[in-house]
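Given chain G, put chain X in place with the hints provided.
Chains as they are written, first to last, in the numbering used here: chain G, 1 to 206; chain X, 1 to 162.
Quick caveat, the hints were computed from the structure, so don't treat them as lab data. Check the hints yourself; a few may be wrong.
As the list claims (entries may be wrong) - In silico SDA-like links for lysine to any residue, alpha-carbon gap of 20 Å or less: (1) G:Lys-56 <-> G:Asp-32; (2) X:Lys-91 <-> G:Ser-66; (3) G:Lys-71 <-> X:Thr-51; (4) X:Lys-149 <-> G:Gln-101; (5) X:Lys-146 <-> G:Ala-99.
Claimed, not checked - Examples of chain G residues lying across from chain X (beta carbon under 7 Å, computed): (6) Leu-39; (7) Ala-85; (8) Gly-88; (9) Thr-138; (10) Asn-139; (11) Arg-166; (12) Ala-168.
This one's a predicted model, so the numbers in the text were calculated from it and none came from an experiment. Glycine is no exception: its CB is placed at the ideal position from the N, C-alpha and C atoms.
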Amino acid sequence: MKKTAFLSMLALLLTVALMSTRSLSDGYKVGDTVQDFKLKNVDGKTVSLADKKDAKGYIIAFTCNSCPVAKAYESRIMALNEEFASKGYPVLAIQANDAEQSPGDSFMAMQDRAKAKKYAFPYLYDESQAVARTFGATNTPHMFVVKKDGGQYKIAYIGAIDNNQRDASAADKKYVEEAVNALLSGKSVTTTSARAIGCGIKWKNA
Amino acid sequence: MKSIFGLFLILLLAGAKPAQSQLVKVIKFNQLNQLVNQPNDTLYVVNFWATWCAPCVKELPQFEALRQAYSDKKLAVLLVSLDDKSDLTRKVNPFVRNRKIRSKVVLLDETDLNTWIDKIAPEWSGALPMTLIINQRRKIRQYIGKPLKEGELTTIIDQYKL
Chain G
1 MKKTAFLSML
11 ALLLTVALMS
21 TRSLSDGYKV
31 GDTVQDFKLK
41 NVDGKTVSLA
51 DKKDAKGYII
61 AFTCNSCPVA
71 KAYESRIMAL
81 NEEFASKGYP
91 VLAIQANDAE
101 QSPGDSFMAM
111 QDRAKAKKYA
121 FPYLYDESQA
131 VARTFGATNT
141 PHMFVVKKDG
151 GQYKIAYIGA
161 IDNNQRDASA
171 ADKKYVEEAV
181 NALLSGKSVT
191 TTSARAIGCG
201 IKWKNA
Chain X
1 MKSIFGLFLI
11 LLLAGAKPAQ
21 SQLVKVIKFN
31 QLNQLVNQPN
41 DTLYVVNFWA
51 TWCAPCVKEL
61 PQFEALRQAY
71 SDKKLAVLLV
81 SLDDKSDLTR
91 KVNPFVRNRK
101 IRSKVVLLDE
111 TDLNTWIDKI
121 APEWSGALPM
131 TLIINQRRKI
141 RQYIGKPLKE
151 GELTTIIDQY
161 KL
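Just chain G, with the same shape it has in the complex:
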């Protein structure tokens, strides 16, 4: 009896373990509820989603210092914050590259970048890469728009900022902007995901 109980317990544990690794690697889908996180900002303070009580949602940008595509999009991320922070959708930028493999993305390098470019939004260091994994972020930049729903945050959009990495003015689909504008006017988001060429996140060596 004891043995059966032990075995079924073990089976249950295994299933749970398998399920959790699966959901981790798959990341969030549109509509999923986001688990809050605590990450260190370039100013040394810890930031979490729950901090801003008046936020209607967030524009979460997985980005970094070193990727040419992320650099090409940097000013567009800054512009998104400028346009939407006051309307209730501030930007939260998260850097998840392993600094050992990508020294240009160390916490100090992040501090320098945020200062030099006068980021008006937090630039958070996901040192353990747990947040990037939970979200299912794969590249830089990789955007997630989350909307506050009751006390929770739900994923409303995943993917690219727009459809032209080279030239913002030539982009004819501004995915993030359109998603946030739809949410602000109480409509549903038309394009809930779009992909873009980017640098793969530099994961720690297993």
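Just chain X, lined up with the frame of chain G:
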């Protein structure tokens, strides 16, 4: 006298070599699709890369080595650059020349991933590098959405027993 002639010949050939270096062709998605979905027995190893992508540049020699090792087998390596078209003469062509890349290189001139990606690799997020191993006739299709570790590529290819 003969040796001087030989030396001259070697110098001539060595001097002529850079001219043989390929010029990268700019293609659209339909052309790419035709290139990799041919109804023959050739296994296509298609690597998506860019000159600005450090992990891509690091793994390129693996593709060159594979092409050489399998030169007598039905295998074709295709390196698809996702650099911007405007960087063709300034960056991509010199890169291919300097690194003496003999595998076929094309530059895919499609700025919007979402117009074509579902037709070839719906599981791809857009992060580089990305590699596809395809053969339509043998129903082979393997997607590799991360950088290849040293030696990993040949291990994968050897499974297909060419």
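When the least beta-carbon distance from Thr-138 of chain G to chain X is tested against 7 Å, hint result: Holds. Min distance 4 Å.
Holds or violated: is the Cβ of Leu-39 of chain G closer than 7 Å to a Cβ in chain X? Cβ of Leu-39 of chain G sits 21 Å from chain X, so the hint is violated.
Quick one, are Lys-146 of chain X and Ala-99 of chain G close enough, alpha carbons at most 20 Å? holds (18 Å)
Hint check, Ala-168 of chain G versus chain X [nearest Cβ-Cβ separation less than 7 Å]: violated (12 Å)
Does the interface hint hold: is Asn-139 of chain G within less than 7 Å of chain X, judged Cβ to Cβ? holds (4 Å)
Interface hint check: Arg-166 of chain G, Cβ to nearest Cβ on chain X, cutoff 7 Å. Holds or violated? Result: holds, 5 Å to nearest chain X Cβ.
Would you mind confirming whether the straight-line C-alpha gap from Lys-56 of chain G to Asp-32 of chain G stays at or under 20 Å? The hint holds at about 16 Å.
Pairwise hint evaluation, Thr-51 of chain X against Lys-71 of chain G, where the allowed Cα distance is 20 Å at most: holds (15 Å)
Next pair to validate is Lys-149 of chain X with Gln-101 of chain G; report whether the Cα-Cα distance is within 20 Å. holds (14 Å)
Under the criterion of a CB-CB separation shorter than 7 Å, is Gly-88 of chain G in contact with chain X as hinted? violated (28 Å)
Restraint: Ala-85 of chain G near chain X, CB-CB cut 7 Å. Satisfied or not? violated (27 Å)
20 Å Cα cutoff - pair Lys-91 of chain X, Ser-66 of chain G: Within the cut-off at roughly 19 Å; holds.
When each numbered hint is compared with the structure, violations occur for hints 6, 7, 8, 12.
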